[in-house]
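Chain E is fixed; fit chain G onto it per the hints.
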Amino acid sequence: DTAVSQTPKYLVTQMGNDKSIKCEQNLGHDTMYWYKQDSKKFLKIMFSYNNKELIINETVPNRFSPKSPDKAHLNLHINSLELGDSAVYFCASSPFPEQFFGPGTRLTVL
Amino acid sequence: KNQVEQSPQSLIILEGKNCTLQCNYTVSPFSNLRWYKQDTGRGPVSLTIMTFSENTKSNGRYTATLDADTKQSSLHITASQLSDSASYICVVSGFDGYNKLIFGAGTRLAVHP
Chain E
1 DTAVSQTPKY LVTQMGNDKS IKCEQNLGHD TMYWYKQDSK KFLKIMFSYN
51 NKELIINETV PNRFSPKSPD KAHLNLHINS LELGDSAVYF CASSPFPEQF
101 FGPGTRLTVL
Chain G
1001 KNQVEQSPQS LIILEGKNCT LQCNYTVSPF SNLRWYKQDT GRGPVSLTIM
1051 TFSENTKSNG RYTATLDADT KQSSLHITAS QLSDSASYIC VVSGFDGYNK
1101 LIFGAGTRLA VHP
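These protein sequence lines map, in sequence, to chains E and G.
The numbering of the first sequence is this note's numbering, which starts it at 1 and goes up by one.
The numbering of the second sequence is this note's numbering, which starts it at 1001 and goes up by one.
Bound conformation, chain E alone:
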């Protein structure tokens, strides 16, 4: 009965590879987000979707492409992974102003 789930929990990959992280929420919320938390623990918003429509797109390299097949899912695809992409990526969903976060995906690029 997990509210916001992410897969995988850990992802280790080589530089230059393409990878995807999946997020699903069963809360019935219209809005979903992707955040990046770097080694200094700052959480920064990357994208937000409302009812499958992109509403926030912060300054993020275009190697990152979110995809929302339906309002319960928001996936993140990353092309040509770089060392600096290593971080923990959190998915969240909300009825504003509340936000419910997933457990995070720790991405390590070697």
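None of these hints come from the bench; they were simulated from the model.
For every residue, glycine included, the Cβ atom is placed at its ideal position computed from N, Cα and C.
Hints should not be assumed to be uniformly reliable.
[Claimed, not checked] Calculated pairs, DSSO-like style, for lysine-lysine (alpha carbon to alpha carbon, straight line, at most 30 Å): (1) G:1057 / E:9; (2) E:19 / E:67; (3) E:36 / G:1017; (4) E:41 / G:1057; (5) E:44 / G:1057; (6) G:1100 / E:9; (7) G:1001 / E:40; (8) E:41 / G:1001; (9) E:19 / G:1017; (10) G:1017 / E:22; (11) E:9 / G:1071; (12) E:41 / G:1100; (13) G:1100 / E:44; (14) G:1017 / E:71; (15) G:1100 / E:22; (16) E:41 / E:22; (17) E:71 / E:9; (18) G:1057 / E:67; (19) G:1100 / E:71; (20) G:1001 / E:9; (21) G:1017 / E:41; (22) G:1071 / E:22; (23) E:67 / G:1017; (24) G:1100 / E:52; (25) E:36 / G:1057; (26) G:1071 / E:44.
[Said to hold, decoys possible] The following residues of chain E were derived to be distant from chain G, with all beta-carbon distances above 10 Å: (27) 7; (28) 43; (29) 52; (30) 70; (31) 84; (32) 87; (33) 99; (34) 108.
For chain G alone, kept in the frame of chain E given last:
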């Protein structure tokens, strides 16, 4: 520039003691302020949300205060427990064409027996 600054960066206290964490922000316009608790290896969990008109809000042993005039907030933890060891993140919501969240760097709290 919209910013959220938290202090201290880290804090160690003994079990049973109280502590207060600080948050200063320059976000404008202001919509609401939240405190999150983030356990190691987990996503943040909301503790309190306060709007402009609210001065204080409690959630069990956690009490948050907000002074919208001075743009300061605090989170007071009473009778700390070992399970309070976590990062506490202050998040301020503003409006910049859309509802935007600005996160502080967090205060890392360690409660020792």
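Hint by hint, which ones does this structure get wrong, listed from lowest number up?
Hint check: 1, 3, 9, 10, 11, 14, 18, 20, 22, 23, 28, 33 fail, others pass.
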